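A.B. asks: So the sequences go chain by chain: A and B.
Quick note on numbering: this note's numbering labels position 260 of the first sequence as 260, and the sequence is numbered without any gaps.
This note's numbering runs 1000 ahead of the 1-based position in the second sequence.
Since the hints were derived computationally from the structure, they do not count as laboratory data.
Only a predicted model underlies this, so the values are computations on that prediction, with no experimental measurement involved.
Think of the CB as a built atom: it goes at the ideal place given N, C-alpha and C, for glycine as much as any other residue.
Careful, some of the hints might be misleading.
To be verified - Calculated lysine to any residue pairs in the SDA-like style (CA-CA distance at most 20 Å, straight line):
#, chain 1, residue 1, chain 2, residue 2
1, A, K52, A, A357
2, B, K1122, A, L28
3, A, K220, B, F1052
4, A, K341, A, K29
5, A, K220, B, A1279
6, A, K220, A, R320
7, A, K29, B, Q1214
8, B, K1076, B, R1280
9, A, K52, B, V1146
10, A, K29, B, F1153
11, B, K1122, A, L50
12, A, K29, B, S1120
13, B, K1122, B, A1134
14, A, K29, B, I1121
15, B, K1122, A, V43
16, A, K29, B, F1116
17, A, K29, B, P1105
18, B, K1076, B, M1274
19, A, K341, A, L50
20, A, K220, B, L1208
21, B, K1076, B, R1255
22, B, K1122, A, R368
23, B, K1122, A, G34
24, A, K29, B, A1279
25, A, K29, B, S1211
Stated by the list, open to error - With the Cβ distance kept under 8 Å, some of the chain A side facing chain B (calculated, not the full set):
#, residue
26, V79
27, V206
28, V217
29, N333
30, S338
31, S345
32, V353
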Amino acid sequence: MNTATQSNGQGALHRGRRRGSAIESVLLKLLGAGSILFALGYVVCLLYLLIKGASKIASFTTYASPLAGVDNESAMRFVMGVCVFGVLGWLGVAGVRVIVSRFGVWTSAADRVGTIVAVVVALGGAVIARDHLPRFLISLPSETTAGGGIGPEIFNTVYFAVLSTMITLPIGVGAAVYLARFARSPRFVAVVRVALDTLASLPSIVYGLFGFLVFVVEMKMGYSLFAGAVVLALLNLPLVVGIAEESIVAVPRELDEASLALGATPIQTTARVTLPYAWPGILSALVLSIGRVFAESAPLIMTAGTTISRASAYSLNPFRGGETLAVHLWYVNSAGLSPDKVDVSAGTAAMLVVLVALTNLLAARLARLGGAEGTRVRKATR
Amino acid sequence: MGQSATIVDTAETVTERSPIVMRSRFAEDVVRFLLTACGVFVVLTTVTMIGFLAHAGLRGMGAVGIWPLLTGRVWKPEADSYGGLALIIGTFASASGALVIGAVPAVLAAVWLTEFAPPSIKVVERRILEVASAIPSVVYGWLALVYLVPIVFAVAHAVRGSDAPVTGEGLASAAVLLGVMVAPTVLLLSLDSLSRVPRALRDASAALGASPWQTAFRVSVPYAWRGLLIAVFFGFARAAGETMAVQMVIGGARRLPRDFLFSPTTTISAQIVMDMQEARPGTPQNDVLFSMALVLLLVSVVVVLVTRLLGRQRLS
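Extracted from the complex, chain A is given alone in its bound form (with noise of 0.2 Å):
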């Protein structure tokens, strides 16, 4: 009786037993029908919104697109054609191999010869067909007619996602180093993990009027990539040192401890032990918080601003102002004065959609990646 309750996994116990009463079991379908509506409703939403923007984002021009006669424009282009084409490469070479694998025949070789090609696919066609990229992705944008794009936007975004992991990644690793291994005062870590708290609980909108106050206004830099990204940086502290310290704390301790009996220094243990083993969780917490690097608009629109000086469009100067994605769809539906806005705000909302939901994805996979499973681990231990 015992086992046989166990193996019918569970719920099987209760739900055997008694059916309750007619009005709870029509309660129960009420509750299951809206609950599953609650999710199909995301679904619809996001599904119309991708849909809605695709025609903005994949509508690639048989005419070559004329440069706009920005600094760094073609090299933009080539970089933006590599990873179109990379992606449909990459869908093209996934989807044979689905087909191929069903009859058993792909082998290791194949699956190199397919990385070959994906890999030629996003070249050649960023080389040919650079010039013939959907307009959206590689024009500048335009507040006042029809037809503006959305290039330095998309850049700028990645560009954030870049400035201000490098500054997260070592105060934000570091910290949660030591809090996992080196603290030695009880007091002090409660402090931190006080601090930790407060930082995560503050409103975006706090972080904005921060960095507008040091960087804009006291140290006189105007509106700039550089005070917006040490902005994000700093609300996402909370998040890379929780998710990292989590992750240090779950190496076992034993290796820690064979490799100190090995000779090996603390320091030494940290950097080439535990880092490494910890290193898929640490890499999902970065790819988290380029997600919300991506997503946040408040505390951007009062460090970095709102606009896109054509000049600089492309520029890697960090010290110049630019607005991302979700700054630009907000700024396009409060001040813009293009007739198309419901397009570009489509095709911008899609786009974010994507980058965030494909940043998601990777951080989940990672996460799946920790522990000795981790392709770090496997080079490290090799």
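Chain A is already provided as a structure; the job is to place chain B on it using the hints.
C.D. replies: Leaving out everything else, chain B in the frame of chain A:
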């Protein structure tokens, strides 16, 4: 703590004997110092942020007076009149509305998912809501602006009469938008809390002859209620702190709504973003914005305290 002490001790004996490691002793100390500096940095940043905010905020409160600031009805920076009542009411009303519209269904859905749903549906719905909770709030804001506001406009005219001075922008739209926005997060947190209910409790309840419904609502939910409450509070804090999405649908009028549900008003965070661009730093006009941010900060501090209190009680 005890464990990290072991590491340190072992290392000390090792370094003393090995000349190679001895040479890097200095580097070790530098790295150790840097790691500590990271911890200190976190604390310093938090203190600085709160300090900046409190400094300017209290200056603003001193200039205007706490009572007029919190209860005044007119927010007109150009006339030096700073009454934050409309902002505060806007924030609290829209966030509370979001709880009714978003958080309550989210908790119910979580109960259904953990107690009654087939595992396959549970996994799929969880994945969907994980994606939904990561969608940028401006995207929700834009969808609401384009599709929700016209619907609310029609509803408003249906309810108040076709020639009433009502609009689609206002607290009703903001509450629905915020509800849709916070629901996925609340649901995910509720799922976590409900999944911690011990299996033995459910089995015992079933063995006593309780129906699934009774088991769910008299055993599981009471056991998990602290976690559920934390989830709801978290949703409230997120709704109260949301800025751009609300700014897009609330209409942006600096006054109490003429019609509570269906006419333009504003919230604290939306007003901060809108006014900050024009207010010169150091002026009372600028300082009162920080005072308002302090009010917002107070909300989130209360939420953290309540969450901590609830979390601690659970352990004992």
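A.B. asks: Taking the hints in turn, state whether each one holds.
C.D. replies: Hint check results:
Distance restraint check for A:K52 and A:A357: the Cα-Cα separation of roughly 17 Å lies within the 20 Å cut-off, and the hinted pair is therefore satisfied. With a C-alpha separation of about 16 Å, the suggested pairing of B:K1122 with A:L28 holds against the 20 Å cut-off. The suggested pairing of A:K220 with B:F1052 holds, with an alpha-carbon distance near 17 Å, which does not exceed 20 Å. With a CA separation close to 42 Å, the supplied pair A:K341 and A:K29 exceeds the 20 Å bound.
The hinted pair formed by A:K220 and B:A1279 meets the criterion: a straight-line CA distance of about 15 Å does not exceed 20 Å. A C-alpha spacing of about 13 Å is found between A:K220 and A:R320, which places the hinted pair at or below 20 Å, so the restraint holds. A distance of roughly 15 Å separates the Cα atoms of A:K29 and B:Q1214; the hinted pair therefore holds under the 20 Å criterion. For the suggested pair B:K1076 and B:R1280, the alpha carbons sit about 15 Å apart, so the restraint of at most 20 Å is met.
Annotation: proposed proximity of A:K52 to B:V1146 holds, straight-line Cα distance about 13 Å (limit 20 Å). For the suggested pair A:K29 and B:F1153, the alpha carbons sit about 33 Å apart, so the restraint of at most 20 Å is broken. At most 20 Å may separate the alpha-carbon atoms for a hinted pair to count; B:K1122 and A:L50 exceed this at roughly 24 Å. Restraint check for A:K29 and B:S1120: satisfied, since their Cα atoms lie roughly 17 Å apart, inside the 20 Å limit.
At most 20 Å may separate the alpha-carbon atoms for a hinted pair to count; B:K1122 and B:A1134 meet this at roughly 18 Å. The hinted pair formed by A:K29 and B:I1121 meets the criterion: a straight-line CA distance of about 14 Å does not exceed 20 Å. The straight-line distance between the Cα atoms of B:K1122 and A:V43 is roughly 15 Å, inside the 20 Å bound, and the hint therefore holds. Our distance criterion of 20 Å between C-alpha atoms is met by A:K29 and B:F1116, whose separation comes to about 10 Å.
For the given pair, A:K29 sits about 15 Å from B:P1105 by alpha-carbon distance, which is consistent with the 20 Å threshold. The straight-line distance between the Cα atoms of B:K1076 and B:M1274 is roughly 13 Å, inside the 20 Å bound, and the hint therefore holds. The suggested pairing of A:K341 with A:L50 holds, with an alpha-carbon distance near 16 Å, which does not exceed 20 Å. Distance hint between A:K220 and B:L1208 is unfulfilled; the C-alpha atoms sit about 71 Å from each other, more than 20 Å.
The suggested pairing of B:K1076 with B:R1255 holds, with an alpha-carbon distance near 9 Å, which does not exceed 20 Å. Among the hinted pairs, B:K1122 with A:R368 is consistent with the structure: their alpha-carbon atoms are about 19 Å apart, no more than 20 Å. Note on B:K1122 and A:G34: the hinted pairing holds, with a Cα-Cα distance of about 14 Å set against a maximum of 20 Å. Taking the CA atoms of A:K29 and B:A1279, the gap is near 55 Å; set against the 20 Å cutoff, the hint is violated.
The hinted pair formed by A:K29 and B:S1211 meets the criterion: a straight-line CA distance of about 15 Å does not exceed 20 Å. Using the Cβ-Cβ criterion of 8 Å, the hint placing A:V79 at the interface with chain B is not satisfied: the shortest such distance is roughly 23 Å. Here the hint on A:V206 is kept, as its CB sits about 6 Å from the closest CB of chain B, short of 8 Å. A least Cβ separation of about 5 Å between A:V217 and chain B falls short of the 8 Å threshold, and the interface hint therefore holds.
Hint status for A:N333: holds, given a least beta-carbon distance of 6 Å to chain B, under 8 Å. Hint status for A:S338: violated, given a least beta-carbon distance of 15 Å to chain B, over 8 Å. Taken as an interface hint, A:S345 checks out: its beta carbon lies about 5 Å from the nearest beta carbon of chain B, inside 8 Å. Annotation: A:V353 was flagged as interfacial toward chain B, and the flag holds, the nearest CB pair being 6 Å apart, inside 8 Å.
When the structure is compared with the earlier hints, violations turn up for hints 4, 10, 11, 20, 24, 26 and 30 and for no others.
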